[in-house]
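Number of protein chains: 2
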Amino acid sequence: MFESSDLVSEDLKILENFLNNSSENSNISLVSSVISHLIKAGGKRLRPALVFIVCKMLSYQDEENKRIRVAAAIEFIHNATLLHDDVLDGGELRRGVSTANKIWGNKTSILVGDFLLTMAFQWLIECENFDVLSILSQSSATIVSGEIKQMLICSNITMTEQDYIDVVSAKTAALFAASCEAAATLAKVSVEEREALKSFGVNFGIAFQIIDDVLDYSGEQSGKNLGNDFYNRKVTLPVIISYDLADEAEKEFWQSSFGKIKNCGNFQKAISYIKNHKAIELAKEKAESYIKIAKESLDIFPSSLYKTALINLLDFTLHRKL
Amino acid sequence: MFESSDLVSEDLKILENFLNNSSENSNISLVSSVISHLIKAGGKRLRPALVFIVCKMLSYQDEENKRIRVAAAIEFIHNATLLHDDVLDGGELRRGVSTANKIWGNKTSILVGDFLLTMAFQWLIECENFDVLSILSQSSATIVSGEIKQMLICSNITMTEQDYIDVVSAKTAALFAASCEAAATLAKVSVEEREALKSFGVNFGIAFQIIDDVLDYSGEQSGKNLGNDFYNRKVTLPVIISYDLADEAEKEFWQSSFGKIKNCGNFQKAISYIKNHKAIELAKEKAESYIKIAKESLDIFPSSLYKTALINLLDFTLHRKL
Numbered sequence: 001m002f003e004s005s006d007l008v009s010e011d012l013k014i015l016e017n018f019l020n021n022s023s024e025n026s027n028i029s030l031v032s033s034v035i036s037h038l039i040k041a042g043g044k045r046l047r048p049a050l051v052f053i054v055c056k057m058l059s060y061q062d063e064e065n066k067r068i069r070v071a072a073a074i075e076f077i078h079n080a081t082l083l084h085d086d087v088l089d090g091g092e093l094r095r096g097v098s099t100a101n102k103i104w105g106n107k108t109s110i111l112v113g114d115f116l117l118t119m120a121f122q123w124l125i126e127c128e129n130f131d132v133l134s135i136l137s138q139s140s141a142t143i144v145s146g147e148i149k150q151m152l153i154c155s156n157i158t159m160t161e162q163d164y165i166d167v168v169s170a171k172t173a174a175l176f177a178a179s180c181e182a183a184a185t186l187a188k189v190s191v192e193e194r195e196a197l198k199s200f201g202v203n204f205g206i207a208f209q210i211i212d213d214v215l216d217y218s219g220e221q222s223g224k225n226l227g228n229d230f231y232n233r234k235v236t237l238p239v240i241i242s243y244d245l246a247d248e249a250e251k252e253f254w255q256s257s258f259g260k261i262k263n264c265g266n267f268q269k270a271i272s273y274i275k276n277h278k279a280i281e282l283a284k285e286k287a288e289s290y291i292k293i294a295k296e297s298l299d300i301f302p303s304s305l306y307k308t309a310l311i312n313l314l315d316f317t318l319h320r321k322l
Numbered sequence: 001m002f003e004s005s006d007l008v009s010e011d012l013k014i015l016e017n018f019l020n021n022s023s024e025n026s027n028i029s030l031v032s033s034v035i036s037h038l039i040k041a042g043g044k045r046l047r048p049a050l051v052f053i054v055c056k057m058l059s060y061q062d063e064e065n066k067r068i069r070v071a072a073a074i075e076f077i078h079n080a081t082l083l084h085d086d087v088l089d090g091g092e093l094r095r096g097v098s099t100a101n102k103i104w105g106n107k108t109s110i111l112v113g114d115f116l117l118t119m120a121f122q123w124l125i126e127c128e129n130f131d132v133l134s135i136l137s138q139s140s141a142t143i144v145s146g147e148i149k150q151m152l153i154c155s156n157i158t159m160t161e162q163d164y165i166d167v168v169s170a171k172t173a174a175l176f177a178a179s180c181e182a183a184a185t186l187a188k189v190s191v192e193e194r195e196a197l198k199s200f201g202v203n204f205g206i207a208f209q210i211i212d213d214v215l216d217y218s219g220e221q222s223g224k225n226l227g228n229d230f231y232n233r234k235v236t237l238p239v240i241i242s243y244d245l246a247d248e249a250e251k252e253f254w255q256s257s258f259g260k261i262k263n264c265g266n267f268q269k270a271i272s273y274i275k276n277h278k279a280i281e282l283a284k285e286k287a288e289s290y291i292k293i294a295k296e297s298l299d300i301f302p303s304s305l306y307k308t309a310l311i312n313l314l315d316f317t318l319h320r321k322l
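Going down the list, the sequences are from chains A and B.
Going left to right, the first sequence walks through residues 1 to 322 as the numbering used here numbers them.
Going left to right, the second sequence walks through residues 1 to 322 as the numbering used here numbers them.
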């Protein structure tokens, strides 16, 4: 996966066991199957890794494995949004494997998504920490409002970079921020430290999503279908940049052909415009600027293996290829 | 609405204001519109009424309006399930008005449903009562598992009465029970009293759903589309009873025609079989048996206006026509 997680590999193993048990404990075999599919499809467990690394960096003494429950809850909130997201988008591939809605249908994805959300809250409640509950419940609301904003404006080719950053801040960065803030809250650090970690999370999350969106046009072996966003008429930063720099003929292309069905060369044409305007590089520079702020947010913390691990995570994100 | 709610009309007014404010406070106008539509479509506010009546019966002194937040959360959890339910069923009418998915589409219904759920949990967290949080979070999980079971077995014409009761217990009765149990928990009564109220809620809820399902075949002015369950191939008690009593020809009809599209007389034929076997009356008797248990659950409480109000709610349910 990535080196930083080696430092918390024990915690990540406990998490996998915890998640696997939760899947086996469901008394509905369909639910077990979907959860097991999601767990096996894996993903990077980036948000749990954030929880664990921050907990370690802040020397949190966790005798009741609260960090595991918090990390599991965050991973399930994330997976719940993915399930509903794939229904909304009609996504068929994620992380290189078939999406749940492709295998089991939309109804199952909607309901199991709901189920994951209720499980997440049950684990959070077990932690008996109202601040952590508030952080995660607030961030869940923010994620959903981000999804709604995305649905409302992201098919609009003239949407601005600020609109895009607003959506990304809500739908992705909020949960990165919550992962860091929840860990900081468990560790009972000062408000200043908590805010610094929240800022790290927000800026990391924005950068992560920008790179994710860039890979939809430049990824070589992306687990997602290349061109997913294009065909779903989901405007992301590379498109916004290209459209801003486009001449009249190109603007006409984007307006008429963006999101149009496959096999007519539209996607290849879009990629060539994106390349011509160096929109991939410009989007990456934007991501880099957020990563810079994220790094600076950590300045108040003394050097440590864990702080370095957080910084490595940022660099890993910027340079990932899939 | 119904007489029992007159006793808690002040609380119900405060609740309406609270819900209306929550709709206005959303900074996404689509969300405000959907929530406002749901609030105006109204419904009976039966679950909030249960919370309020039980709180009064138990003389709960509520200086921080926790009961309002709990009732609002329960109403929003209920509405979230309705939003997702209508997407699953393709329902177009509910309570006599167009469903949100009919007006705004499935994507909006899925996301606003998610949003309502996160708002509900935020209000519950504000109450700072872990027991109430656990009750509602557990019941949310139960509701979803009920919906999943329903999806899995309810199109099967040979499903048993026990299967049906299991589904109904989870998807409907759990939230009735949680309404009563949460109120009892706020009022800090004995375990015995809390369990009695939970039993009242469960049995009330099962009876309520049976009558609701009966009305899909017998309702005169039902707000739902008459025959909704039939056309959605959703097996409910009147059908289970009719099928159990059916001869070979009728069984063949149910197997081949249940859920088949409109305008071919299938629904009228189904109703005639249901009438011949007195399945409506038999289903109502079943509902009555649950209502009897619900009433008996209240035996341990001394007589009061509020206890009478709970009993009146039961009778109202049994005799409602829409």
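FYI, nobody ran anything at the bench for these hints, they're computed from the structure.
All figures in this text were calculated on a predicted structure; none of them were measured in a lab.
Please note: incorrect hints may appear among the correct ones.
[What the hints assert, rightly or not] The calculated DMTMM-like cross-link candidates involving lysine to aspartate or glutamate, where the alpha carbons are at most 25 angstroms apart (straight line), are: (1) A:Lys188 with B:Asp85; (2) B:Lys40 with B:Glu10; (3) A:Lys102 with B:Asp89; (4) A:Lys188 with B:Asp212; (5) A:Lys321 with A:Glu126; (6) B:Lys107 with A:Asp131; (7) A:Lys107 with B:Asp85; (8) B:Lys269 with B:Glu250; (9) B:Lys102 with B:Asp212; (10) A:Lys188 with B:Glu128; (11) A:Lys107 with B:Glu161; (12) B:Lys107 with A:Asp212; (13) B:Lys107 with A:Asp166; (14) B:Lys188 with A:Asp163; (15) B:Lys102 with A:Asp89; (16) B:Lys188 with A:Asp212; (17) B:Lys188 with A:Asp131; (18) B:Lys188 with B:Glu161; (19) A:Lys107 with B:Asp89; (20) B:Lys107 with A:Asp163; (21) B:Lys251 with B:Glu126; (22) A:Lys107 with B:Asp166; (23) A:Lys107 with B:Asp163; (24) A:Lys107 with B:Asp212; (25) A:Lys102 with B:Asp85; (26) A:Lys275 with A:Asp212; (27) B:Lys107 with A:Glu128; (28) B:Lys107 with A:Glu161; (29) B:Lys102 with A:Asp85.
TODO: Take a quick look at whether Lys269 of chain B and Glu250 of chain B sit within 25 angstroms of each other, Cα to Cα.
DONE: holds (10 angstroms)
Open item on the list: Just to be careful, I want the Cα atoms of Lys102 of chain A and Asp89 of chain B compared with a cutoff of 25 angstroms; is the pair within it?
Closed with: The given pair, whose Cα atoms are some 19 angstroms apart, holds under the 25 angstroms limit.
- [ ] Take the C-alpha atoms of Lys251 of chain B and Glu126 of chain B, compute the straight-line distance between them, and say whether it is at most 25 angstroms.
- [x] violated (53 angstroms)
TODO: Take the C-alpha atoms of Lys107 of chain B and Asp131 of chain A, compute the straight-line distance between them, and say whether it is at most 25 angstroms.
DONE: violated (31 angstroms)
Task: Pair hint outcome, Lys188 of chain B versus Asp163 of chain A [Cα-Cα no greater than 25 angstroms] - done: violated (48 angstroms)
Task: Holds or violated: Lys107 of chain A to Glu161 of chain B, with C-alpha atoms at most 25 angstroms apart - done: Since the Cα atoms of Lys107 of chain A and Glu161 of chain B sit roughly 24 angstroms apart, the hinted pair holds (cutoff 25 angstroms).
Open item on the list: Need the status of pair Lys102 of chain B, Asp85 of chain A: alpha-carbon distance at most 25 angstroms?
Closed with: Between Lys102 of chain B and Asp85 of chain A the Cα gap is close to 20 angstroms, so the pair holds against 25 angstroms.
- [ ] Sort out whether Asp212 of chain B lies within 25 angstroms of Lys188 of chain A, counting only the CA atoms.
- [x] Violated, because 50 angstroms separates the two Cα atoms, which is more than 25 angstroms.
Open item on the list: Would the hint linking Lys102 of chain B and Asp89 of chain A be met if the CA-CA limit is 25 angstroms?
Closed with: holds (19 angstroms)
Task: Restraint check for Lys107 of chain B with Glu161 of chain A, where alpha carbons must lie at most 25 angstroms apart - done: holds (24 angstroms)
Task: Holds or violated: Lys107 of chain B to Glu128 of chain A, with C-alpha atoms at most 25 angstroms apart - done: Violated - the C-alpha atoms of Glu128 of chain A and Lys107 of chain B are around 34 angstroms apart, more than 25 angstroms.
Open item on the list: Need the status of pair Lys188 of chain B, Glu161 of chain B: alpha-carbon distance at most 25 angstroms?
Closed with: The given pair, whose Cα atoms are some 36 angstroms apart, is violated under the 25 angstroms limit.
Hints 1, 4, 5, 6, 14, 16, 18, 21, 27, counting from the list given before, are not met by this structure.
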